[in-house]
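Asks: Assemble the complex: chain A is given as a structure, and chain B must be docked to it using the hints.
If you read the sequences in order, they're chains A and B. With positions in the first sequence counted from 1, the corresponding number in the numbering used here is that position plus 68. With positions in the second sequence counted from 1, the corresponding number in the numbering used here is that position plus 68.
Check before you lean on any hint, since a few could be wrong.
[What the hints assert, rightly or not] Here are some chain B residues the structure puts well away from chain A; computed CB gaps all over 12 Å:
1. Tyr93
2. Gln111
3. Lys248
4. Arg368
5. Glu381
6. Phe442
7. Val462
8. Lys467
[Claimed, not checked] Derived lysine to any residue pairs resembling SDA-like cross-links, with alpha carbons at most 20 Å apart:
9. Lys185(B) - Gly270(B)
10. Lys366(A) - Arg435(A)
11. Lys248(B) - Ile285(A)
12. Lys248(B) - Pro291(A)
13. Lys359(B) - Lys366(A)
[Said to hold, decoys possible] Covered stretches of chain A (in silico footprint by chain B; criterion: 3 or more residues with CB under 8 Å from a CB of chain B, positions within the stretch not fixed):
14. 247-261
15. 289-303
16. 332-344
17. 351-359
18. 364-378
Bear in mind the hints are in silico, worked out from the structure with no lab data behind them. Note that the coordinates shown come from a computational prediction; the quantities given were computed from them, not determined experimentally. No residue lacks a Cβ here, since even glycine has one placed at the ideal position from N, Cα and C.
Protein chains: 2
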Amino acid sequence: MVLVSVDDHAVEPPHLFEGRLPERYRDVAPRLVRKDDGTDVWQYDGREIPNIGLNAVAGRPPEEYGMEPTSFDEIRDGCFDIHQRVRDMDANGVIGSMCFSSFPNLCGQLFARSKDKDAALAILKAYNDWHVDEWCGTYPGRFIPLALPPIWDPQAMADEVRRMAAKGCHAVSFSENPSKLKQPSFHSDAWDPFWAACSDEGTIVCLHIGSSSQLVITADDAPIDVLISLQPVNIVQAAADLLWSPVLRKFPELKVSLSEGGIGWIPYFYERVDWIYTRHHAWTGQDFGGKLPSEVFKERMVTCFIDDTAGLEQRHRVGLDTICWESDYPHSDSTWPESPEFVMRAFDAVGVPDEEIDAITHRNAMRHFRFDPFAHRPREQCTVGALRAGATDVDISLKSVGKRPQATGATDLVGIATRRS
Amino acid sequence: MVLVSVDDHAVEPPHLFEGRLPERYRDVAPRLVRKDDGTDVWQYDGREIPNIGLNAVAGRPPEEYGMEPTSFDEIRDGCFDIHQRVRDMDANGVIGSMCFSSFPNLCGQLFARSKDKDAALAILKAYNDWHVDEWCGTYPGRFIPLALPPIWDPQAMADEVRRMAAKGCHAVSFSENPSKLKQPSFHSDAWDPFWAACSDEGTIVCLHIGSSSQLVITADDAPIDVLISLQPVNIVQAAADLLWSPVLRKFPELKVSLSEGGIGWIPYFYERVDWIYTRHHAWTGQDFGGKLPSEVFKERMVTCFIDDTAGLEQRHRVGLDTICWESDYPHSDSTWPESPEFVMRAFDAVGVPDEEIDAITHRNAMRHFRFDPFAHRPREQCTVGALRAGATDVDISLKSVGKRPQATGATDLVGIATRRS
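One chain only, chain A, in its complex shape:
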């Protein structure tokens, strides 16, 4: 088995911006500061971002999961150190990984809130250069590069997509719902320069759950389990919003990835949108050019899952060609360091043939994200077994770092989300 994960997370190291910015912006670059209470924060544009990694709890016992580790001492080195990251990937049998950003938020919302947009653009470009050249570039063939876009300026987004494509980066993060970020919605033509650039360059647009800076809160006194259960709701909304918008029909080459979205809800979603189309298009005026909405989804949306037996059982309803796999390292949903065992258990439970396993574990990801690890090393050295054989010395035992006061109610989380957004 060969594993390529299309959703993991980098925790940015303190030195990220060193030597990457023109002199006039050096003083305004985000900087990591250790506070008197021992927490590490990024300071930027008059703000303090108290989380260094969203729930970066890989390698810790579940009793110590809370919402946020608050210092680099509390997280595994693989979160932020590229050499240790690759070792952790080896120990988990993962050959390839695409990593989302942490402190700038999932699609760079932080930079969009900056007062000085020229500085913000320079900083965002420096971030992207670090991501491609250092994070992904240190170990060629191990990472799928992923750009952040300057979401306050669609033309600048288009320019950055083209600049990054020239550097070999063919994936870009964007918001699952820009209207929640006080930007135009998917139904506006404001984003057309961006969609056009992605379409031209063969760059896949990745919408990650949480990239609207909105949490699904049922009630102020709801326990945190409710909020965690409902995280996928945002991506279902994004899928519906995008599918009925003009975007996919206007840019017929464009592909979109629903990152950390899961797959088990999709067959139900297909039936619903096809029913709505068949039943209502006569008065709503929707037109998919002779196709059903589900067919358009299958052709244009890329999906992924961590551990989703119900979804795998219905993989042919979902569309086998759309399904990729993810590890979500180092978040609390991650199956690290036992990802191969988790995913094989699910494959075995529903009887997935080898050829389909290959499609789901790496071939679909290689095609949709234009990534070819086999160009860098022979396939037989990319397997779970081969990678793990070279990483037997990696310590994967759980490490306690002590327990902190934790947020356990939705209201606490609203506070966290507000600080973050």
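Replies: Okay, now just chain B, sitting in the frame of chain A:
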């Protein structure tokens, strides 16, 4: 095949309150008024409720679906006339039906907004009496009675649940999210008298999509198709909210129905909540007494679907004992007058054996809702074939009543929802 539908809708006839209220409340009772522009509205407590039926479009061509028919002349008599309703049920092969309210909203939100709560309680009781005695009582063995609760007073709710149970009514509507109605959430103990009464009386609590008076709006300029696609999102939220709340654990006999909620999303939901429980309970403190959340769901939640092949394929994952069927007459999602054909096509597509078809089409509904049509007529006279044989003269052809200006954007709908809530 025998069909019992656990989710249909009554459009209230103008005479509803006649002779049912003490004299001092007769002047304040809701009254139906035909306006100069030909629309019919309910006037109550200084408000006008402009819709007589939420999307009551059965029997009209899809080109004429809009959001709201506005007069009784535009809707099928079966919407509001009990004799014609039974004829429409016969023509569709449906022996039993549970009907939600229309103008008072799905769980009586309208009455909760009244200034004079004594009057509101009297009016609500009159409504319930009409529903049980006239709507359901005219044709014994054809309807599952469903009470509205006075949601502004948990003790009065408990009293009404007991009063209605004494009249043979063992189902009550409630809000999928009372906190969105500015009431305490499921996590509060404020509702305990209500839950206790339902538990004692064997009364099932029905949470219908939309009963939080909230629509899922992705963006102001999103087309209406997005909103329609996302209607089930509210019920997914309700399921998570209730499952992690103390309610089901505090009242171990209580059963809850997720009305018009669909079933295809449930296997995915189970995997998610079980994963969250297994992974996070050590720090969130959740405890299901040795069970998994999905097991508690299967024992205590009742589900239903209109047309959901993906869900039927995974019926054993959903829990065969939980699944009921619904027709949703006269709303636009209804499969009337071809419900038997729709549901058999789905059964055939995934190969459901006869015994399981019986459970899904009527046996589960009979057990969960304490309804026994066979006590009123022999089973062989309750089948689709027998009912249709007696209704060959019912005109089921589509009837055009002309096209009105229609709401087609989310903003229009927000307006409608606001007027309604």
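Asks: State for each hint whether it applies.
Replies: Hints versus structure:
1. Tyr93: holds, 34 Å
2. Gln111: Holds, because the least Cβ-Cβ distance between Gln111(B) and chain A comes to about 29 Å, which exceeds 12 Å.
3. Lys248: At roughly 8 Å from the nearest Cβ of chain A, Lys248(B) sits no farther out than 12 Å, so the non-interface label is violated.
4. Arg368: holds, 16 Å
5. Glu381: The assertion about Glu381(B) is violated, with a minimum of 7 Å to chain A.
6. Phe442: Given that every Cβ of chain A is farther than 12 Å from that of Phe442(B), nearest at about 32 Å, it holds.
7. Val462: About 22 Å separates Val462(B) from the closest Cβ of chain A, which puts it past 12 Å; holds.
8. Lys467: holds, 16 Å
9. Lys185(B) - Gly270(B): Distance ~27 Å between Lys185(B) and Gly270(B) Cα, so the pair is violated.
10. Lys366(A) - Arg435(A): holds, 15 Å
11. Lys248(B) - Ile285(A): Given pair Lys248(B), Ile285(A) holds - Cα atoms ~11 Å apart, limit 20 Å.
12. Lys248(B) - Pro291(A): holds, 16 Å
13. Lys359(B) - Lys366(A): Distance ~37 Å between Lys359(B) and Lys366(A) Cα, so the pair is violated.
14. 247-261: With 5 residues closer than 8 Å to chain B, the segment 247-261 of chain A meets the three-residue bar; holds.
15. 289-303: holds (count 11)
16. 332-344: Held - the segment 332-344 of chain A has 11 residues with a Cβ nearer than 8 Å to chain B, which meets the minimum of three.
17. 351-359: holds (count 4)
18. 364-378: holds (count 4)
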